[in-house]
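K.L.:
Given only the sequences and the hints, what does the whole structure look like? Please build it.
Chain order of the listed sequences is A and B. First residue of the first sequence: 1, per UniProt numbering; consecutive thereafter. First residue of the second sequence: 1, per UniProt numbering; consecutive thereafter.
Errors might be hidden in some of the hints.
[To be verified] Subject to a maximum C-alpha distance of 27 Å in a straight line, what follows is the list of computed DSS-like cross-link-like pairs (lysine-lysine):
{"id": "1", "chain 1": "A", "residue 1": "K63", "chain 2": "A", "residue 2": "K162"}
{"id": "2", "chain 1": "A", "residue 1": "K298", "chain 2": "B", "residue 2": "K298"}
{"id": "3", "chain 1": "A", "residue 1": "K193", "chain 2": "B", "residue 2": "K200"}
{"id": "4", "chain 1": "A", "residue 1": "K193", "chain 2": "B", "residue 2": "K206"}
{"id": "5", "chain 1": "A", "residue 1": "K298", "chain 2": "B", "residue 2": "K206"}
{"id": "6", "chain 1": "A", "residue 1": "K276", "chain 2": "B", "residue 2": "K206"}
{"id": "7", "chain 1": "B", "residue 1": "K276", "chain 2": "A", "residue 2": "K206"}
{"id": "8", "chain 1": "A", "residue 1": "K76", "chain 2": "B", "residue 2": "K298"}
{"id": "9", "chain 1": "A", "residue 1": "K206", "chain 2": "B", "residue 2": "K162"}
{"id": "10", "chain 1": "A", "residue 1": "K276", "chain 2": "B", "residue 2": "K276"}
{"id": "11", "chain 1": "B", "residue 1": "K276", "chain 2": "A", "residue 2": "K298"}
{"id": "12", "chain 1": "B", "residue 1": "K21", "chain 2": "A", "residue 2": "K206"}
{"id": "13", "chain 1": "A", "residue 1": "K193", "chain 2": "B", "residue 2": "K276"}
{"id": "14", "chain 1": "A", "residue 1": "K206", "chain 2": "B", "residue 2": "K298"}
{"id": "15", "chain 1": "B", "residue 1": "K276", "chain 2": "A", "residue 2": "K200"}
Worth flagging that the hints you see were computed from the coordinates, not collected in a lab. Nothing here was measured: the structure is a model prediction, and the numbers come from that model.
Protein chains: 2
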Amino acid sequence: MGKLLILGTVAFDAIETPFGKTDKILGGAATFIGLAAAQFKAKTAIVSVVGGDFPQEYLSLLKKKGIDISGIEIKKEGKTFFWSGKYNTDLNSRETLTTELNVLADFEPVIPEHFRDADVLMLGNLHPSVQLKAIEQMKEEPKITVLDTMNFWMNHTMPELKEVIGRTDVITINDSEARQLSNEYSLVRAAQKIHRMGPKYVVIKKGENGALLFHNGEVFFAPALPLEDVFDPTGAGDTFAGGFVGYLAETENVSFNNLRNAVIHGSNLASFCVEKFGTERMQDLTKEEAESRLEQFKQLTQFDIELR
Amino acid sequence: MGKLLILGTVAFDAIETPFGKTDKILGGAATFIGLAAAQFKAKTAIVSVVGGDFPQEYLSLLKKKGIDISGIEIKKEGKTFFWSGKYNTDLNSRETLTTELNVLADFEPVIPEHFRDADVLMLGNLHPSVQLKAIEQMKEEPKITVLDTMNFWMNHTMPELKEVIGRTDVITINDSEARQLSNEYSLVRAAQKIHRMGPKYVVIKKGENGALLFHNGEVFFAPALPLEDVFDPTGAGDTFAGGFVGYLAETENVSFNNLRNAVIHGSNLASFCVEKFGTERMQDLTKEEAESRLEQFKQLTQFDIELR
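P.N.:
Quick look at the structure:
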């Protein structure tokens with residue numbers, strides 16, 4: 001059983017989809033990553049910051065899932081990071097309505113002493129200089145460092161982002177971000193260029209069209225499970241990342257073969273996340289449910305053509 | 001070794017992509033389907049019509065591939081069907097520049113006597129009433145009838161199209177066509193509705209995002225092979241269909257498990273088709289090349305999570 005350290009936001013989200021609307025509910029990249037990783041046998045901690053307005057009930061929820069929250073700083077005088085967004089009818093695009101950084105504006109991450117030797121370091125989507133501070137606090141190099149980022153940081157903080165990318169083993173971004181970062185339309189060529197920036201592994205997420213894992217000229221594909229209804233896509237990418245790193249931390253194996261399994265676990269958990277608003281589905285997801293849907297992933301991709 | 005009858009266009013195409021431009025070259029749905037099916041051990045025939053302007057050389061090419069062309073009518077006084085189109089930069093969308101129906105306008109298909117007992121009937125994209133005429137000429141019901149169609153027929157000839165759909169076992173359409181036909185956004189729900197129109201199997205093609213095969217509440221997914229370069233997508237969907245029906249005709253097995261293999265073969269051949277203009281790559285494709293890329297499809301999708 002390995003140690004997993006997650007850096008990222010713990011936040012309030014307010015979400016509007018064609019199917020409904022929420023008030024401020026529990027959200028944030030680290031929250032989704034943590035809840036997904038909690039499906040695996042690993043020692044997991046979150047490093048983040050919240051304000052005095054953040055309900056104790058949410059912290060208790062994370063704790064009850066076995067997540068070490070000693071690295072979540074509570075700034076009594078401050079307000080918690082808040083994001084709100086509205087999805088278009090097809091759920092494939094969304095509009096950000098509000099982003100209030102609040103306590104995130106001057107976040108100085110402090111990794112608890114007992115997690116500075118984590119096996120897996122997961123850098124959730126945040127300002128790259130904050131991600132860099134986490135990397136620098138590690139006492140020894142993690143077995144694997146996984147970076148999630150987005151187009152906003154490519155547009156505004158490319159030099160810092162390039163430095164973080166240069167120090168990570170795996171980058172997870174979506175297809176349009178991969179194209180932006182590499183200036184290549186073909187995802188195969190994009191991955192080749194991003195490899196040269198540092199990461200041995202490049203994961204390109206394509207939403208309902210699955211995810212590609214590139215390594216050394218090889219490629220593995222994890223489909224998204226075709227679902228009757230997608231209710232709310234918020235957090236699906238983070239849940240994917242959480243399943244990915246949670247499985248790696250449990251198995252303590254960072255071979256390409258094991259990373260293939262890890263992206264399947266990530267896709268599997270993401271398929272649950274989108275079934276309800278926010279973290280709702282991930283809060284009550286059981287190991288048995290997750291396991292049984294893995295069988296569907298096998299059925300979805302398995303074929304038996306005999307090669308000569 | 002089964003018999004495969006292909007109904008569809010044999011035509012001239014003129015194509016413009018970001019990478020170049022062609023004059024009138026060999027094209028047409030039945031041509032692409034036939035060239036793909038020729039990779040398999042089946043007795044294959046094409047039923048179509050061309051004009052007096054159609055080069056003997058093209059007919060000889062089909063014949064040399066082992067395709068029975070006795071059902072390709074040559075109307076000496078007429079001109080061959082001509083389509084020209086221009087692809088946008090990302091190759092995912094295209095604009096039709098010219099459609100000259102010519103001899104296709106009053107095409108009366110005649111299936112050669114020795115193919116009226118075909119095991120597999122492939123109805124390439126054409127006016128549904130022409131497709132219906134082919135169905136009605138079969139002496140006995142084929143083991144499997146596969147229908148390809150497009151949005152144009154949904155817009156203009158829905159009653160006739162519905163009748164054809166009601167008499168086929170498999171329909172292949174792309175994702176937006178599936179949504180249009182079913183009036184459902186979710187592809188899972190779309191497939192359920194289309195099943196109720198007749199077809200036991202629904203294949204939804206998503207271009208570079210692969211293809212889904214739905215049957216009886218189950219679903220199988222064939223990814224598209226991630227390619228460094230896509231040169232010309234023309235005919236990829238027909239090549240997919242050709243690989244699908246060619247494999248079914250060779251194996252004479254229409255079980256769901258064998259249809260899974262068939263969509264992989266279809267995806268595999270389509271990945272070659274797009275590497276060059278028009279039919280160029282499919283003309284010289286060897287069995288060894290096709291076989292070796294199948295191994296990549298295994299590598300692309302195979303994982304070994306043990307389920308309890």
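K.L.:
Holds or violated: A:K206 with B:K298, Cα cutoff 27 Å?
P.N.:
holds (20 Å)
K.L.:
Can you confirm whether the C-alpha distance between A:K193 and B:K206 stays at or below 27 Å?
P.N.:
holds (26 Å)
K.L.:
Hey, B:K21 versus A:K206, does the alpha-carbon distance stay inside 27 Å?
P.N.:
Roughly 31 Å between the alpha carbons, so the hint for B:K21 and A:K206 is violated.
K.L.:
Holds or violated: A:K63 and A:K162, Cα atoms, limit 27 Å.
P.N.:
violated (34 Å)
K.L.:
Straight-line Cα separation of B:K276 and A:K200 no greater than 27 Å?
P.N.:
The hint is violated at about 31 Å.
K.L.:
So if I understand the rule, the pair passes when the alpha-carbon distance is 27 Å or less; does A:K298 with B:K298 pass?
P.N.:
This hinted pair holds, its Cα atoms lying about 13 Å apart.
K.L.:
For a C-alpha distance cap of 27 Å, please report whether A:K276 and B:K276 respect it.
P.N.:
Not satisfied, since the Cα-Cα distance of roughly 45 Å exceeds 27 Å.
K.L.:
Under the criterion that the straight-line Cα-Cα distance not exceed 27 Å, is the pair B:K276, A:K298 satisfied?
P.N.:
Given pair B:K276, A:K298 is violated - Cα atoms ~34 Å apart, limit 27 Å.
K.L.:
Would you check the hint for B:K276 and A:K206, treating anything up to 27 Å between C-alpha atoms as holding?
P.N.:
With Cα atoms ~26 Å apart, B:K276 and A:K206 stay inside 27 Å; holds.
K.L.:
Does the alpha-carbon distance linking A:K206 and B:K162 stay inside the 27 Å limit?
P.N.:
Since the Cα atoms of A:K206 and B:K162 sit roughly 33 Å apart, the hinted pair is violated (cutoff 27 Å).
K.L.:
For A:K298 and B:K206, compute the direct alpha-carbon distance and say whether it is at most 27 Å.
P.N.:
Distance of about 20 Å is within 27 Å: holds.
K.L.:
Is it true that the CA of A:K193 sits at most 27 Å from the CA of B:K200?
P.N.:
Not satisfied, since the Cα-Cα distance of roughly 44 Å exceeds 27 Å.
Going through the hint list in order, the structure does not satisfy hints 1, 3, 8, 9, 10, 11, 12, 15.
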